[in-house]
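Q: Spelled out from the first residue to the last, the chains are:
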Amino acid sequence: MTTLLTASPSEVLYKAASKAAGRRRSVALRRLPLIIGLALLAIAILAITFAPLLTSAAPNQIDVLNPLAPPLTPGHLLGTDQFGRDVWSRILYGGRIDLAIAFGATSVTLVGGTIIGLVAGYFGGKIDNVLMRIVDLFFAFPFLVLIIAIIAMLGPSILNIFLAIWITSWVAYARIMRAQVIVAKKQQYVLAARALGYSRTRVMLRHILPNTASAVIIFSMVDAIGNIALAAALGFLGLGVQPPTPEWGTMISDGQNYITTAWWLTLFPGLAIVFVGVAFSLIGDGLADVLRPGDR
Amino acid sequence: MIPAEPTGPGVPAGPGLPPVEPGLPGQTAPPPDAELAELAGAGLETGEEAAPVPDPEVAEAVLAPVASSAVGTPLLTVEDLRTYLATGHGVVRAVDGVSFSLAQAEVLGIVGESGCGKSVTCRTIMGLVPKSLGHSNGRVIYHPRGEGSLLDASQNQWQALRGSQLAMIFQDPMTALNPVLTVGEQLLEAVNAHAKLTRAEAQARAVELLRRVGIPAPQRRMRDYPFQFSGGMLQRALIAIALASSPRLLLADEPTTSLDVIIQDQILSLLLELQQDTGMSMILVSHDLAVITEVCDRIIVMYAGQVVEQGRAATIITEPRHPYTRALLGALPQAGHQGELPSIPGHPPSLIDPPAGCRFAPRCPLVTDKCLTWETELLDAGGDGHLARCWRHEEVARQGPAQQGTEVQ
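Here the protein sequences come in this chain order: L and A.
Read in this note's numbering, the first sequence has 86 at position 86, and its numbers run on one by one without any break.
Read in this note's numbering, the second sequence has 251 at position 251, and its numbers run on one by one without any break.
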């Protein structure tokens, strides 16, 4: 209290400013979410890659004597399901499919949607109108219903899950990108690039894209979580990966019949989804900090 | 294409050639010795950096004369150029019947208040007005290309012309460079845009261009991002980029407006020096008549999308024949002037629905009834290509040049 009373205004100001300076200085701390997120994702990728080394049983191997064994049963770290299959093993092998969907589905829609948004935003006029009306068409349908309809038509399989996501989720990227490009193309450096006789492709890819891509890249992290959740939801509805192939959503769906007696069948696949979700979300946050130059 | 000669420390300076200034007077550039020591200490390859004084021969080679033999022949002719822009409020007649011609190695000034169509004229000449935004007619003839109008050029033809033949520098250097690429990357891109050069040749040419526009330690500055440059340095870098392919016509759209007065003067001197070295033609746009008269051979005064007066710079300063030019001259601030700065009352008319008759009439001290109705045209005023869009130009001429710093009316 006394220090407060005796401190001169300039000292107070100095202290406040140095506090702020300290916050700005801690670049490492600002990178922390990104580092943790990448570390968690690396753990997940390593675990699913080396699944055979980390598990004692194959994912579809049935231990007839031990159905619905609780966690920490010898030989079954996370217990077994109704057929006596090892839950830990099924989570690791199932993760291969879920992460493949996260990366495979998201990367294609990211690239496709970004290019379409770039073209629409840069050229404007008729091209923009046509592309954006197509986007509107997709947005007009409830997203999940559209996906379910596509899979119901094509039949449930991993490839068809990919196809359904590729067909439907580029639209969000296209919209975000278009909005960014419309702002960026009015910048003087774009005019200057055109005044130097650069081709339109060059202006788009080298001058506009690097200045606008941060938003879609950050969004793609959120979208990757969404795609895992979507795969899980489809699995839960029986439209996803078909048994006996392990997949987190399918596992949760299978476990719901036993939820009162064998909680581990639903809890652990759920935690796996949360684990990967948190990893992507931290990476998205971290990237936003690193890629957005305005915050620096 | 001009070969960018790889240089070494052993290349002797030509005895008859003027020395090129290594740094900039008044800038915080390190002296050449310090720069050299620093570079040696940093262990950088010494190639051209080792030369204590930049080699004039090299500077000459990088920006060699474009067409020294053809001085005086026309390079660009603009005939009855109109560019109408579509806005939410209506059609803006931003450029409304502008004609002029530009000779090889000539420096033409375009002056006028903001919103008089100067920049749109430049952008139309460069084909940078998007079709969705505006339409142009009239003719823009770039003579080396033949007698066809540039307005009819295809996208590919434009791409071949821009940068290599016509180049443009912009008002605000802070935003005219891509923030995510280094200055060097952008300069190399420009160097490679219209020429087939090896990596080493392109690099050497880029460094030499930066040196030529007066950027100290160019090899090191190549790696900097635009935000690491000051405004004046950025404008120098932009000039280097614009000149990367040795264009024959440079359009400078208010190149010094966003810079402080001292840097302004340096940039103008640099532009003029480069223009004289290369023999390129230049159109300098400014709202500052003082800037224009310092540099240009001929002046075009624009008002409300039209040319109101054009002629030799010296004639226009001493014998303005349009009340608007006279008023602009009168509005120039003068050292030692006391009291309120003189200004032109009123503001330029809306170009959506410009007034009939003379567009300057509402602000003109000499306005008569005839001014409000006559079909304005550029009248021959005193010969020697001096034209004025005022039927009372004889009277204006008799009034003599406006007393600088005094009330116009």
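The hints are simulated quantities; they were obtained by calculation from the structure and are not laboratory data.
Glycine residues also receive a C-beta, built at the ideal position from the N, C-alpha and C atoms.
Wrong hints could be hidden among the right ones.
[To be verified] In silico SDA-like cross-links for lysine to any residue, where the CA-CA straight-line distance does not exceed 20 angstroms:
#: 1; chain 1: L; residue 1: K126; chain 2: A; residue 2: S132
#: 2; chain 1: L; residue 1: K126; chain 2: A; residue 2: Q157
#: 3; chain 1: L; residue 1: K186; chain 2: A; residue 2: D172
#: 4; chain 1: L; residue 1: K126; chain 2: A; residue 2: P179
#: 5; chain 1: L; residue 1: K186; chain 2: A; residue 2: R398
#: 6; chain 1: A; residue 1: K131; chain 2: L; residue 2: I182
#: 7; chain 1: L; residue 1: K186; chain 2: A; residue 2: P179
#: 8; chain 1: A; residue 1: K131; chain 2: A; residue 2: Q157
#: 9; chain 1: L; residue 1: K186; chain 2: A; residue 2: V180
[Stated by the list, open to error] Example chain L residues on the side facing chain A (calculated, C-beta under 7 angstroms, incomplete):
#: 10; residue: S56
#: 11; residue: A58
#: 12; residue: T73
#: 13; residue: G124
#: 14; residue: A140
#: 15; residue: F141
#: 16; residue: P142
[Unchecked claim] Label pairs and their calculated CB-CB ranges:
#: 17; chain 1: L; residue 1: L32; chain 2: A; residue 2: V91; range: 54 to 60 angstroms
#: 18; chain 1: A; residue 1: M174; chain 2: L; residue 2: A16; range: 29 to 35 angstroms
#: 19; chain 1: A; residue 1: T257; chain 2: L; residue 2: V12; range: 49 to 55 angstroms
#: 20; chain 1: A; residue 1: H135; chain 2: L; residue 2: S18; range: 55 to 61 angstroms
#: 21; chain 1: L; residue 1: V183; chain 2: A; residue 2: A290; range: 33 to 39 angstroms
#: 22; chain 1: L; residue 1: F103; chain 2: A; residue 2: D288; range: 43 to 49 angstroms
#: 23; chain 1: A; residue 1: S154; chain 2: L; residue 2: L32; range: 25 to 31 angstroms
#: 24; chain 1: A; residue 1: I352; chain 2: L; residue 2: R202; range: 34 to 40 angstroms
Q: Decide, hint by hint, whether the structure agrees.
A: Checked hints:
{"no.": "1", "hint": "K126/L with S132/A", "result": "holds (10 angstroms)"}
{"no.": "2", "hint": "K126/L with Q157/A", "result": "violated (23 angstroms)"}
{"no.": "3", "hint": "K186/L with D172/A", "result": "holds (14 angstroms)"}
{"no.": "4", "hint": "K126/L with P179/A", "result": "violated (30 angstroms)"}
{"no.": "5", "hint": "K186/L with R398/A", "result": "violated (47 angstroms)"}
{"no.": "6", "hint": "K131/A with I182/L", "result": "holds (16 angstroms)"}
{"no.": "7", "hint": "K186/L with P179/A", "result": "holds (14 angstroms)"}
{"no.": "8", "hint": "K131/A with Q157/A", "result": "holds (16 angstroms)"}
{"no.": "9", "hint": "K186/L with V180/A", "result": "holds (16 angstroms)"}
{"no.": "10", "hint": "S56", "result": "violated (50 angstroms)"}
{"no.": "11", "hint": "A58", "result": "violated (49 angstroms)"}
{"no.": "12", "hint": "T73", "result": "violated (56 angstroms)"}
{"no.": "13", "hint": "G124", "result": "holds (6 angstroms)"}
{"no.": "14", "hint": "A140", "result": "violated (27 angstroms)"}
{"no.": "15", "hint": "F141", "result": "violated (31 angstroms)"}
{"no.": "16", "hint": "P142", "result": "violated (34 angstroms)"}
{"no.": "17", "hint": "L32/L with V91/A: 54 to 60 angstroms", "result": "holds (56 angstroms)"}
{"no.": "18", "hint": "M174/A with A16/L: 29 to 35 angstroms", "result": "holds (30 angstroms)"}
{"no.": "19", "hint": "T257/A with V12/L: 49 to 55 angstroms", "result": "violated (41 angstroms)"}
{"no.": "20", "hint": "H135/A with S18/L: 55 to 61 angstroms", "result": "holds (58 angstroms)"}
{"no.": "21", "hint": "V183/L with A290/A: 33 to 39 angstroms", "result": "holds (36 angstroms)"}
{"no.": "22", "hint": "F103/L with D288/A: 43 to 49 angstroms", "result": "violated (57 angstroms)"}
{"no.": "23", "hint": "S154/A with L32/L: 25 to 31 angstroms", "result": "violated (53 angstroms)"}
{"no.": "24", "hint": "I352/A with R202/L: 34 to 40 angstroms", "result": "holds (36 angstroms)"}
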